[in-house]
Amino acid sequence: MEEIVTRLKNAVINYEMETIADLAKQIVDQGIDPLVAIEEGLAEGIKTVGEKFGKGEIFLPELVMGAESMKAALAVLEPAVPQGQARKTLGKVVIGTVQDDIHEIGKNLVSTMLSSNGFEVIDLGVNVQAADFLKKAGELKPNILAMSALMTTTMPRMGEIITPLKKENPSVKTIVGGAPVTDVYAKEIGADEYSGDASGAVDSAKKLVG
Amino acid sequence: MPQEQWTLRRSLSGESVSYGIQRGIRFQILSDEDLDRIHWGTLHILEKVGVQVDSPTCRKLLKENGCETDEKSRSAKIPSHLVEEALRKKKSAITLAARNPKYDARLDMNHSYMCANGNGAVAIDFETGERRNSTKKDLVDSTTICDALPNVHVHWPMVSSTDMPPSVVHLHDLEASLNHTEKHVMYETGVTLQDAKDLTAMGYAAAGGEKEYRRRPITSCLQCTYAPLQHDAGVMDASLEFARSGVPLVFFCMPQPGATGPASMVGSVVVGNAEVLSALVMTQLSTPGAAVIYGLGIAPLDMKTTVRAGGSPEHAICSAMGTEMAHYYDMPSCVGVSGTAKEPGIQAAIETYTGCVGPLLAGADLMCGIGLLEDSSCLHLEQVVIDDEIVGAIARLIRGEWACDDTLALDIIEKVGIGNNYLAQKHTMQYLKTDHFMPTLMDRRSEDNWSKTGKKSMKDAAREKTKKILAEHKVPPLSDDVNRNLAAIIDQAKKPLWGGESKVQ
Ligand code: B12
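These protein sequence lines map, in sequence, to chains X and R. Position 147 of the first sequence, counting from 1, maps to 147 under the working numbering, and the rest follow consecutively. Position 240 of the second sequence, counting from 1, maps to 240 under the working numbering, and the rest follow consecutively.
Chain R on its own, in the form it takes in the complex (with noise of 0.2 Å):
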């Protein structure tokens, strides 16, 4: 038996079932061959075209590290042996600590973990169901509900408060995730220095200072390259600047095959694990040992109607390749699903099925992408809910079985005998909690039942779900002294952005 199966048997027949699911069953896309090849091809690019790194300090870095850099073109030729040297630096097992630490999440490549989408701009209004742009009050009820939820390990602010100054927009966000969850809260607004810097503080606000952030990092930062092969300034700047904090990265690759990438799907993995691997290189070169979590997200653009195709099984199959080349990499991944569906229903609950089985199956540590729409855009509570219930069902599913005396139950088979049943026996009890999935919000019923109480859809019972996690739903605040601190970092941040200046430096 597997050395997982057997920590699992252990967890699911003591007391505690450790955070997150359970991964038993595990299928295979890419071979050994493949793995391979698509590293050596990376290398290969790495070497002979480059990457273009905007960021001058990164350039200097790569430059006196060996590479061959071009000024002009900004480019930057990186040695395999400057990426294995990287690899051999970089850490394997991250812990994304949260707030509350029951809900620490551990890849360690053993647990799956799901969070929901984040920064969208656009909400559906809970109550008028307008569409329009997202609040912070969008963005506190989000929070909560994602707290409330049993298949959201890690939080990211599902959308941006639009409707604060839009050079603290960020800042906001971050004060109302840490506020409303419990939970790891990882963003993916740190686009300038100082943007990291200001991030950073206030995750050290909330952590009760730099040494106790350092241990427990309870904020990360989702940092995206800029397909093809190319990193953008600020985003480079902010990397080194967290990594040098000990805010946990990642770096995840968003080509778009056959638009910002192959149209093949392997093809376009090799220029997403190059930007990858390059990012990794400049980062463990400005801070050896830094925590990096390999990211990938692509999507094909839908080439009728030019959309991204998140949720499509193209989507999914990348998500699972780029889970099994971070696992070739023994680094821990966080990969993308997302639906372009309009509105809760059939299509959504599709793609984010389809998006999230694939990964899930294949290992996927960190998978982020439930809950907002119109690919990765529009916020709408139900649908988190509706996900939520997805993600338990495809736990269950690959959770794992395995033969042992107390599965086989030939005992209870003795005992029960030919022609009774089971219903009267312990071991259906014991098995029902850990073996037997309960939906929340699938209706089972007999069509009788269903009728009598108003013939309510799956997207009715989300709906009261929501509301009662709304009402009910309580989460402890941070103290008044962290808020005070967090409040006093917007406020210093907060700038006129009118007038020219640059969020870049």
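Chain X extracted, bound-state conformation (with noise of 0.2 Å):
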């Protein structure tokens, strides 16, 4: 069984898109406790991953394919998770770009980032209204909820957001981030962190769980 878990851990450093499925699907056959093989297998294979990128070893493509084949196991073996169990993440994260905004380059790669670092990420995606929002963070109860806005124009949807979750969510922490939004934006209005690129991301979302 160690092997085969080892095996699946590669499959993610060595981002093997196509077969890993398969390989998750023996696991399944095999009657490997499939939270193991996540935690063992997936979670520490994405892990090396997103230390050799934040350490500049391996380019961008490379992390994301990690992350896609992460995925690809993930949608075989969560499914085999018995009722009443759950993989252990370093907690849920609701992201999305603000409404009447389209640019989602940024916030891809911070949601890629979080799940490479052991956060479960849910994408609401662009141009996301401020009720989507909040509705998701009550329906989810996510830890964090993460927003991106590019433009001075929608920066302010941003705020538009966390005050009313502050009332309804109080539990549900934020973090804002984009190419104009600074620090001292952010502190004005009321999020609980702000970076400036996706590794920071990552930081600022450990701080708010930790």
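Hints should not be assumed to be uniformly reliable.
Straight line, CA to CA, 25 Å or less: simulated DSS-like cross-link-like pairs of lysine-lysine [said to hold, decoys possible]: (1) R/K455 <-> R/K467; (2) X/K187 <-> R/K455; (3) X/K55 <-> R/K342; (4) X/K187 <-> R/K137; (5) R/K304 <-> X/K47; (6) R/K304 <-> X/K55; (7) X/K167 <-> X/K207; (8) X/K166 <-> X/K187; (9) X/K71 <-> R/K304; (10) X/K52 <-> R/K467.
Anything over 10 Å on all C-beta distances counts as not near chain X; from chain R, calculated [as the list claims (entries may be wrong)]: (11) S31; (12) D36; (13) H39; (14) K91; (15) R99; (16) E127; (17) R132; (18) V191; (19) D232; (20) G234; (21) G246; (22) Q256; (23) K304; (24) P313; (25) E414; (26) D491.
Partial list, derived from the structure: chain R residues whose beta carbon lies under 7 Å from chain X [said to hold, decoys possible]: (27) M303; (28) S377; (29) F437.
Hints are computed from structural coordinates only; laboratory data are not their basis. Note that the coordinates shown come from a computational prediction; the quantities given were computed from them, not determined experimentally. In this text, a Cβ means the ideal position worked out from N, Cα and C, and glycines have one as well.
Now that you have both chains on their own, put them together as the hints suggest.
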């Protein structure tokens, strides 16, 4: 059993996107605990990939392919997890780009970095209405709500979400980012954390759940 | 001798040298066969994959004109004949008129014009050096500087007036620009139908009415397409409104090779080309003959830092190829340059130089993007002044040389003879004015003189020049009447951006 879990871990590190699902199926068929496979295989694998990227040893496409491989295996392993049990994550993050803003590249990178560092990420996409952010925060009860805004005209939308969120779901923490957003601005609108790049976003998120 | 060199020679020997950068040299990256392959490849993608068109109005327009549309995926497949029809209807020469006609930018494929970068949200405070959100004052200062600089020909509001109410930031940007430069003003903030109406109304007011504006459009709008292969609803609805109102448009595609476009530059040009051509189709179906400029700003995503690699050699080569595609379609081009440096200095200079020289050599009609650092985000006034000097040097590089009686100067060579010098010749003075680039910031003095005056760096020199321009350069403002009209338009557009109302209809 040890060996096949190590193989799963390596399949993430070597981003074997096309074949990793088969490997995951074998694991399920062999009756190995899917939670062990997720935690010792996938989570360990993606952690290694994330660290390598952080150190500048690998390029972004390698990080993304690693994350895609993890997703492909999770799609097989998660449904096999016995009822009542759940995989351990660092926390749940709901993320999106605010209303009237369609810039998505930065937001997608933040999502990838967060999930490769052990967070469960639910991505709402771009041009997300304030009401939808608030609704999802209520429904999914995430630890963190993360918002991206790339334009001066859409930045105020973040404040528009944070203010009611604090009343409705005070336990949900907020992180904001995007090129025009500054530390000072983030404080002004009452965000809990701000970061200028994707690896900083991970540090911020860890701080909030830690 | 090619036609453009004759024209150039005439203008150089005559009294009036026309506005913009004269172009006598051109290098070619794509062969005719390459251009054909990109074109046919693009048509194939438009027919087979199509584009996503978020605006219901635009989808309806495409459907009525024979495109296969799908309401669920919001996509439209565009047959080649529609592209060909749009290319027949489009304009080939577009004049970006200026408040002062001496600054008219004639995009006729024989001149190049330069435009600073636009809409950054951060600025380095000129007095304190602090990095902070940009204000309307920053916009006034940078506009005044662009008005004064000889190698910035068209103006783009460089930063956003983030100290103004959010719903009217873009209108304050335009107001400050119109009042502080006599050059043509291009903006990129018309992202909803209402924005388009307000910005157009301000253009009409500043030009002295709709009729006069349509004759001489003193503003224009740059619109981004949404890579890969998408068109934002607000942006396209606004674009059709601009076209109807006689406001010239740039459709500017920005796939990032490796992220939102194929990692090969040519592959990303195909994606971008499909976006620009499909936007052109919609515009020409809606307003036949509308003025549309072909825009492209393709810079890869740096795969180590995840920053867009503005000012990279790939950025330059893509802007050059974009120009070649535009000219293949007989359209003027507007292509991008920028830089990722964090402060004025060596990196910023290399990025501006690399980013500008390639496209200008390829014949770019309008280049935008100097002056902001952190990839189009942060304003440093000194950098605008330094970049102006860099463009000046490139302008000299691409002007072209030719052998005619006057340049051969056989008579002068004979007259001066062997072993003497040319200093006392009228020919020398004449050519000094036209053929010798005179830097304003680069320090060519001896080491001795340079040391004696405090060993100033180029950035110091740029700072002094900036101060001087701000203190001395005066731009005639618009009349009080016009300003009252502008203020009224801004006032009416103001709404509370709090409480969930959308800017997009
Ligand atoms: C690429 C781009 C586009 C692409 C986006 C493609 C896509 N699929 O996302 C396209 C062409 C579609 C586009 C469209 C427009 N754009 Co644009 N765009 C850019 C550009 C050049 C780069 C953005 C980018 O992708 N950078 C690379 C990524 C990786 O970086 P990033 O987004 O900043 O994200 C990093 C950090 O900010 C941070 N981060 C981001 N989000 C979050 C969230 C959290 C929680 C945290 C912690 C961190 C974080 O981490 C990320 C990774 O390190 C910027 C300029 C710039 N350099 O920012 C302009 C820019 C943002 N765009 C601008 C404008 C004006 C527009 C348009 C309105 C233009 C038009 N008229 O059509 C439209 C917008 C339409 C709309 N309704 O949204 C302006 C905004 C100006 C302003 N003052 O507000 C900018 C600044 C350019 C400029 N100077 O003019 N754009």
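Checked hints:
1. R/K455 <-> R/K467: holds (19 Å)
2. X/K187 <-> R/K455: Not satisfied, since the Cα-Cα distance of roughly 42 Å exceeds 25 Å.
3. X/K55 <-> R/K342: Between X/K55 and R/K342 the Cα gap is close to 22 Å, so the pair holds against 25 Å.
4. X/K187 <-> R/K137: holds (24 Å)
5. R/K304 <-> X/K47: holds (17 Å)
6. R/K304 <-> X/K55: holds (9 Å)
7. X/K167 <-> X/K207: holds (22 Å)
8. X/K166 <-> X/K187: Satisfied, since the Cα-Cα distance of roughly 14 Å is no more than 25 Å.
9. X/K71 <-> R/K304: holds (22 Å)
10. X/K52 <-> R/K467: violated (47 Å)
11. S31: holds (30 Å)
12. D36: holds (31 Å)
13. H39: holds (28 Å)
14. K91: Consistent with the label, R/K91 stays out of reach of chain X, its closest Cβ about 29 Å off (over 10 Å).
15. R99: Non-interface label stands for R/R99: nearest chain X Cβ at 26 Å, farther than 10 Å.
16. E127: The claim holds: R/E127 sits with its nearest Cβ about 18 Å from chain X, beyond 10 Å.
17. R132: Check fails; 7 Å does not lie beyond 10 Å.
18. V191: At roughly 8 Å from the nearest Cβ of chain X, R/V191 sits no farther out than 10 Å, so the non-interface label is violated.
19. D232: violated (6 Å)
20. G234: violated (7 Å)
21. G246: holds (25 Å)
22. Q256: violated (7 Å)
23. K304: Label violated. Min Cβ-Cβ 6 Å, cutoff 10 Å.
24. P313: holds (18 Å)
25. E414: Its Cβ never comes within 10 Å of chain X, the nearest being 63 Å, so this holds.
26. D491: For R/D491, whose nearest Cβ neighbour in chain X is about 18 Å away, the distance exceeds 10 Å, so it holds.
27. M303: holds (4 Å)
28. S377: holds (5 Å)
29. F437: Result: violated, 36 Å to nearest chain X Cβ.
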